[in-house]
Structure formats: C-alpha cells, structure tokens
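Novice: If you read the protein sequences in the order shown, they are chains A and B. The numbering of the first sequence is full-length UniProt numbering, which starts it at 1 and goes up by one. The numbering of the second sequence is full-length UniProt numbering, which starts it at 1 and goes up by one.
Wrong hints could be hidden among the right ones.
Okay, the calculated bits of chain B under chain A, using three or more residues with CB under 8 Å as the criterion [unchecked claim]:
1) 35-42
2) 98-109
3) 175-188
Facing chain B, from chain A, some residues (calculated, C-beta under 7 Å) [what the hints assert, rightly or not]:
4) Met22
5) Pro40
6) Gly42
7) Asp56
8) Gly71
Calculated directly from the structure, the hints in this document are not laboratory data. Owing to the predicted nature of the structure, the values given are computational and were not obtained by experimental measurement. All C-beta atoms, glycine included, are put in the ideal place defined by N, C-alpha and C.
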Amino acid sequence: MANVGIVIVSHSPKIAEGAADMVRQMVGNSVKLACAGGDPNGGLGTDVAAIVAAIDSAWSEAGVAILVDLGGAETNSEMAVELLPEDRRDRVVVCNAPIVEGAVIAAAEASGGSSLEIVRRTAEELSPQ
Amino acid sequence: MTPEQLHRVIVTVADAVIDHADELTALDQAIGDGDHGLNMKRGFDAVRADAALLAAKPLPEALGAIGLQLVMKIGGASGPLYGTLLMAMGKAISPDGANIAAAFAGGVAAVKARGKSQPGQKTMLDVLVPIEAALSAGAPDLPHRLPAIAQAAAEATVPMEATRGRASFLGARSIGHMDPGACSSALITAAVCRALGD
C-alpha cells in the first residue's frame, strides 16, 4: 500500500511553501506532498478550492494527513474534506499539531509506511494534551 | 418566495455587506486579524455577480449555491461558517420557504458543529441563536422586529470575552469590542428583512 500523503495549509503562501521544502528535505520523494497557502487572491488566508486541489495532488490510497496553522485554516480544511467524493472523505484527517514540526514528523512517519491513524497520532503527540 | 423576491434579497444583502466592508474590517482589526470585511466583500461580490443566475434556482438549490460560493471565495473562517449556515438551510428548507424557522435552526446547529462553538463565546452564534429563538417563537410582525433583535444581540457581544476564534488569542483584551462576525450577522439579518419587507 502507498504511503500516506501530506498536505500543508497555511494562511501564508511562504509558510506553506517553506514548510513543504523542509518536509521534502527530510523525506525526499517517498511521500506525496502538496501545500495550499493564501486566500483566493493570494493574500493572507486560506482557499477551500486550493485545499481540495492540494488533497487531490497528494492523494494516496493510504489517505492524506493535513497540517494547518490558525483557526481558519482548520475550518476551511474541514470544509474541503466534506467537498471530496464520499469514498475519500474518511481517509483524510486534519491533525491537531503545530504546522512545521507536525508536517515534518508526520511525513517522516508516513515515509516508513505507517497507517493514517499512526501518522496522525505521531503528529498530535507534539500538541499539549 | 418568488424569483424576484429572492433576487432582491441577494442583491440587498450583498450590497449591505459590500457597503459595510470597511466597518467590519475595522472591528476585526481591533480583535482579530483584520480581514473580515475584505473577505466578506470578496464572497458577496461573487454572489452579487451571479445574482440573476442564483435567483432563478429553486430556493433550496439557491441557498446551497450561495453557500458554496461563499465557501469558495471568502478565504477566511467566515467562508465555511456562513457557507455551512446556508448550505445546511438549503438542505432543510422547503421550496416555498414556509419552514424557515426549522431550516434556520438546522443551519445554526451546523454552524455550531463547524466552528465547534456555542453561544457566549463572542461569535456570530451570539446573533444567530437569538434569531433562531425569535423565528421559532414566530409572530406576524417578525420581519420588522428581527433587525432590532439582531442588533441588540450583536451589541451584547461587546462586553464578552472571546473564547473561540482568533479574538480568543487576546483573552480579556477582546472585551469592549463588538465581534465582527456578530456584526456581519446582524447586518445581513437587517438586509434580508429590508428586502422582504419592501
């Protein structure tokens, strides 16, 4: 089975791209990776259509883990998941984890072939319980 | 509701949001990230541009399509929140709009779930929930009373401390400002009533 894909969603295109660069350096091409940063006009914010496209691009049969920064990125990511075809929705999770550390650690876990649930749990261990 | 009435509601609401974008942004600069007016304007510019097309649809489909438009265009948390309200209402409402109270209650429940929030946290729910209650109670002159109910509810968010959304980062410093989402909800309520009352 393919490795879990990773999607990074930030209000800032630079943060999204920079976090993706760090992930790429860590895991190379062993994990599918996509990011979405900025509102529909390229300003600070998040764009549901861009998040849907990022999920499609990072899609893996093993599922996709999404890492987000602030509230709107989480809400818009959850909205994007609901807009996916029904058979994909339950294979995409939004992780409650810091965006940069969470993306790197989730990708490292995914590159070892771990399941979506393990990838998510590993990233979420970074958050204070 | 006739297509003409629906068209008037869409245009009146969109114009109200667009005209008050700067005021919403100023409120959001005080306690949020300063983009509420800009985001709402982007969403409602798109809705206004499609007003004729949207108004030609049956009411349930029209509400769903407006909601999706807001989700796709707003770019901040208010997109999925207002979008969810309208999309959930669209799923529940009858084509003649007679069950508006029940449909609105369904929409508010969906907003609570989407935002993982409850009234009292200084959000749009502090306006939506009193409107839901007024709609459920019903009264013939409701369209004339709702704007004042919504405005009073928005003003009641001024002394609240935010515990949800971006303003919650400020803690006690959020006290003393109206919540921008509560303000836009009151604004939209007034516009809907104005359009239906004329």
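Novice: Min Cβ distance, A/Asp56 to chain B: is it shorter than 7 Å?
Specialist: violated (15 Å)
Novice: Closer than 7 Å between Cβ atoms is the bar; does A/Gly71 clear it against chain B? Give me holds or violated.
Specialist: Interface hint status for A/Gly71: holds (5 Å vs cutoff 7 Å).
Novice: With 7 Å as the cut and Cβ atoms as the points, is A/Gly42 at the interface with chain B?
Specialist: violated (10 Å)
Novice: Taking a Cβ-Cβ distance under 8 Å as contact, does the stretch 98-109 of chain B have three or more residues in contact with chain A?
Specialist: With 0 residues closer than 8 Å to chain A, the stretch 98-109 of chain B misses the three-residue bar; violated.
Novice: Hold the hint about A/Pro40 up to the distance rule: shortest CB distance to chain B must be less than 7 Å.
Specialist: A/Pro40 check passes; min Cβ-Cβ to chain B is 5 Å, inside 7 Å.
Novice: Mind taking a look at whether chain A covers the stretch 175-188 of chain B? Criterion is 3 or more residues with CB to CB distance under 8 Å.
Specialist: Answer violated; 0 residues pass the 8 Å Cβ test.
Novice: Okay, the stretch 35-42 of chain B and chain A, do three or more residues pass the C-beta test at under 8 Å?
Specialist: The restraint on the stretch 35-42 of chain B holds, since 4 of its residues have a Cβ under 8 Å from chain A and three suffice.
Novice: With 7 Å as the cut and Cβ atoms as the points, is A/Met22 at the interface with chain B?
Specialist: violated (24 Å)
Comparing the model with each numbered hint stated earlier shows that hints 2, 3, 4, 6, 7 do not hold.
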